[in-house]
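Student: The primary structure of each chain is shown beneath.
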Amino acid sequence: MQITADHVIKFIETITMRVKEQRDYLTQLDSAIGDADHGVNLDRGFTTVLTKLPSVADKDIGTILKTVGTTLVSTVGGASGPLYGTAFLRAGMASADRFELSVDDLAVVVEAALEGIQARGKSTRGEKTMIDAIGPAVDALKAARAAGDDLLTSLRKAVAACQAGMEATIPMLATKGRASYLGERSIGHQDPGATSAFLMAQALLEVLEASQ
Amino acid sequence: MKKLINAPEQVVKEALAGMADAHADLLKVHYDPDIIVRADAPVANKVGLVSGGGSGHEPMHGGFVGKGMLDAACPGAVFTSPVPDQMLAATKAVSAGKGVLHIVKNYTGDVMNFEMAAELAAAEGIEVASVVTNDDVAVKDSLYTAGRRGVGVTVLMEKIVGGAAEAGADLAEVKRLAEKVNAHGRSMGMALTSCVVPHAGKPTFDLPDDEMEIGIGIHGEPGRTRVKVGHAADIAAMLAGPILEDLPFKQGDHVLAFVNGMGGTPLIELYLMYNELNKILTSHGITISRRLIGSYITSLEMAGCSFTLLKLDDELTKFWDAPVLTPALRWGC
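Chains A and W are the protein sequences, given in the same order. Going by this note's numbering, the residue at position 98 of the first sequence is 98; the numbering climbs one at a time, nothing skipped. Quick note: to get this note's numbering, add 212 to the position in the second sequence (first position is 1).
Hints may be right or wrong, so weigh each one.
Keeping only pairs whose Cα atoms sit at most 27 angstroms apart, straight-line, the calculated DSSO-like set for lysine-lysine is [stated by the list, open to error]: (1) K387(W) / K122(A); (2) K240(W) / K279(W); (3) K52(A) / K215(W); (4) K122(A) / K462(W); (5) K215(W) / K20(A); (6) K440(W) / K414(W); (7) K304(W) / K279(W); (8) K530(W) / K462(W); (9) K530(W) / K20(A); (10) K523(W) / K392(W); (11) K279(W) / K20(A); (12) K20(A) / K414(W); (13) K122(A) / K440(W); (14) K52(A) / K225(W).
Residues of chain A placed beyond 10 angstroms of chain W at every Cβ, according to the derived structure [what the hints assert, rightly or not]: (15) T16; (16) D35; (17) D37; (18) L50; (19) V56; (20) A79; (21) G121; (22) D139; (23) Q163; (24) Q202; (25) E206.
Here are the simulated distance ranges between beta carbons [said to hold, decoys possible]: (26) N257(W) / T4(A): 33 to 43 angstroms; (27) Y25(A) / E423(W): 35 to 45 angstroms; (28) T51(A) / S501(W): 48 to 58 angstroms; (29) E184(A) / D382(W): 45 to 55 angstroms; (30) P535(W) / E115(A): 44 to 54 angstroms; (31) D421(W) / I170(A): 24 to 34 angstroms; (32) Y25(A) / E331(W): 25 to 35 angstroms; (33) E13(A) / D458(W): 46 to 56 angstroms; (34) E331(W) / M17(A): 29 to 39 angstroms; (35) E167(A) / P415(W): 43 to 53 angstroms; (36) D233(W) / E21(A): 33 to 43 angstroms; (37) P415(W) / P171(A): 22 to 32 angstroms; (38) D382(W) / Y25(A): 47 to 57 angstroms.
Hint data in this document are derived by calculation from the structure and do not stem from the laboratory. Ideal Cβ placement from N, Cα and C applies to all residues, glycine included.
Produce the entire structure from the sequences given, and follow the hints as far as they go.
Tutor: This is how it looks when you write it as structure tokens:
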């Protein structure tokens, strides 16, 4: 099984649905340690992305992902706009002209996205951000690939690692972003960015499982 | 929560429409991307000044667009950084070939979005310099946080640097002056009540009736301590103390004292707080030679105030006194 451009379109549509469903939950997580706008901002961004998808439906995966990236940069604002925008732009650059991705390709694309986020946010693991969910997912994807797992098995392992990473943000002390102003008071809350990153990983698995 | 709005998602656009009509002599509003631009922009032979940030801090920044201050402002959603498209559109609208300065408050989102916009503007051949304000002494441990927040000094910087740009200073000079203002200014704020973000519809934080938050940010971010409400004199001392120690301000200094309302505090209380600040500074041998009192960098309907002190010299005083004609500040014109 390979990831097709059609899967990628469905992946983005699924993210949009999940973000809308979880909008208030994400905002609630953000009100505990941030500024109560994560769900609202992502929902606004992906709702706009949805209107752009028909124009790239027959294009390569790189074009689709780059369109998602530029649209998020243009509509989300806050910190998550540049971060997710850069992630999708870098993922799009890593999948330029491709209509199918293997599990090997997926690892390269997701790692490119992660590097984009780290560069834009000048952040690393352990600072209570989305990187703490995406980093372990990339590790799991690479390990599964090395072990010779197929695409679905690899992705299931990556999503499980992503979830564990997300949950591991709860006891962390935030040292980046607005949550860092809380200092010790940021401990005990799950990071909203790690949570939205997990929703996205889950959306990809959901699409691929449904198309089996 | 009761608010004078139609729908949360329309608040920014509808307020912009009001500003556009009310101040048509000073500014123009462009939509999608949303920017507020000085009516006569681009002004020939002048460095362009662009700022922006989340909405909800009015009159900052849109109210400071006009002669002698900003050339353009980029309003984001309430408490959300604007997007690079806005800063890029604003930068192009005010670029007269002498370069453009971005004035950015130190918040993660604002910094990243302005960075992306500066990269895009550079790709289009516009020379952009940036300065980040970070004057909030309430953030103690800058190493383990996103750094100090940009607050009251931003207003003073926009005025002073605006005066210099209007007088013909080049981009390097304007940037130097902006950095000097940031280096010489310190702020700290406090809240008596929370603010209510329109799309959230409920208070951002809970503050019991008899308590106040010392060191509050302009989005309701927590401060240094939460204590029982005391007399104005004690509150003034709690704000002024950390500011004076931090620069530090010394006996013999001349300062600009900025007593700012957070949005829900009446002017009579701000004057009362100014009076307290004046007593404290006098006792330290510090002279207030310029002052600004009013609600200029707000946090929606939050009740409370902030103090900003800027150590003045002849250069800063000269550009503070220079003529300004904007919706929120006007003198000498």
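Student: The structure should be examined with respect to each hint, and the outcome stated for every one.
Tutor: Evaluated hints:
A distance of roughly 24 angstroms separates the Cα atoms of K387(W) and K122(A); the hinted pair therefore holds under the 27 angstroms criterion. Straight-line distance between C-alpha atoms of K240(W) and K279(W) comes to about 13 angstroms, which keeps the hinted pair within the 27 angstroms bound. Taking the CA atoms of K52(A) and K215(W), the gap is near 34 angstroms; set against the 27 angstroms cutoff, the hint is violated. Of the pairs offered as hints, the one joining K122(A) and K462(W) is violated, with about 37 angstroms between alpha carbons and a cut-off of 27 angstroms exceeded.
Among the hinted pairs, K215(W) with K20(A) is consistent with the structure: their alpha-carbon atoms are about 25 angstroms apart, no more than 27 angstroms. For the proposed pair K440(W) and K414(W), the alpha carbon gap of about 23 angstroms is at most 27 angstroms, so the pair holds. Between the alpha carbons of K304(W) and K279(W) the distance comes to roughly 18 angstroms, so the proposed pair stays at or under 27 angstroms and holds. This hinted pair checks out: K530(W) and K462(W) have alpha carbons roughly 21 angstroms apart, not beyond 27 angstroms.
Restraint check for K530(W) and K20(A): the C-alpha separation of about 52 angstroms exceeds 27 angstroms, so the hint is violated. Pair hint K523(W) plus K392(W) holds up; C-alpha atoms about 10 angstroms apart against a cutoff of 27 angstroms. Restraint check for K279(W) and K20(A): the C-alpha separation of about 43 angstroms exceeds 27 angstroms, so the hint is violated. In summary, the hint linking K20(A) to K414(W) is supported, as the alpha carbons are separated by about 20 angstroms, within the 27 angstroms threshold.
Of the pairs offered as hints, the one joining K122(A) and K440(W) is violated, with about 39 angstroms between alpha carbons and a cut-off of 27 angstroms exceeded. A hinted pair counts as satisfied when its Cα atoms are at most 27 angstroms apart, and K52(A) with K225(W) qualifies at roughly 23 angstroms. With a cut of 10 angstroms on Cβ distances, T16(A) stays outside the contact zone with chain W, its closest approach being about 17 angstroms. The claim that D35(A) is not at the interface with chain W is violated, since a C-beta of that chain comes within 10 angstroms of its own (minimum 5 angstroms).
The beta carbon of D37(A) is not kept farther than 10 angstroms from every beta carbon of chain W, the shortest such distance being approximately 5 angstroms. Every beta carbon of chain W lies more than 10 angstroms from that of L50(A), the smallest distance being close to 17 angstroms; the non-interface claim holds. With a closest Cβ-Cβ approach of about 19 angstroms to chain W, V56(A) is found to remain outside the 10 angstroms limit, as its non-interface label requires. A Cβ of chain W approaches the Cβ of A79(A) within 10 angstroms, the least distance being about 4 angstroms, so the stated non-interface status is violated.
Look at G121(A): its CB is around 7 angstroms from the nearest CB on chain W, not clear of 10 angstroms, so calling it non-interface is violated. Consistency note on D139(A): stated as away from chain W, and its beta-carbon is indeed over 10 angstroms from all of that chain's, at 25 angstroms minimum. No beta-carbon of chain W is positioned within 10 angstroms of the beta-carbon of Q163(A); the least distance is around 25 angstroms. At the 10 angstroms boundary, the C-beta of Q202(A) stays outside the reach of chain W, the nearest C-beta of that chain being 25 angstroms off.
Under the 10 angstroms C-beta cut-off, the non-interface status given to E206(A) relative to chain W holds; the minimum distance is some 28 angstroms. Under the hint 33 to 43 angstroms, the C-beta atoms of N257(W) and T4(A), about 56 angstroms apart, miss the expected range. At about 29 angstroms, the beta-carbon gap between Y25(A) and E423(W) misses the expected band of 35 to 45 angstroms. Remark: the range hint 48 to 58 angstroms for T51(A) to S501(W) is upheld by a beta-carbon distance near 55 angstroms.
Checked against the hint of 45 to 55 angstroms, the pair E184(A) and D382(W) passes, with Cβ atoms roughly 46 angstroms apart. Range check, P535(W) to E115(A): Cβ separation about 49 angstroms, and the 44 to 54 angstroms hint holds. In this structure, D421(W) and I170(A) meet the distance hint of 24 to 34 angstroms, their C-beta atoms being roughly 32 angstroms apart. At about 33 angstroms, the beta-carbon gap between Y25(A) and E331(W) stays in the expected band of 25 to 35 angstroms.
Distance hint for E13(A) and D458(W): a CB-CB separation of about 51 angstroms, consistent with the stated range 46 to 56 angstroms. Between E331(W) and M17(A) the CB atoms are about 32 angstroms apart, so this pair conforms to the stated range of 29 to 39 angstroms. For the pair E167(A) and P415(W), the beta carbons lie near 29 angstroms from each other, so the given range of 43 to 53 angstroms is not met. Under the hint 33 to 43 angstroms, the C-beta atoms of D233(W) and E21(A), about 39 angstroms apart, fit the expected range.
Here the CB-CB span from P415(W) to P171(A) is close to 27 angstroms, well matched to the stated 22 to 32 angstroms. About 50 angstroms separates the C-beta atoms of D382(W) and Y25(A), a value consistent with the hinted range of 47 to 57 angstroms.
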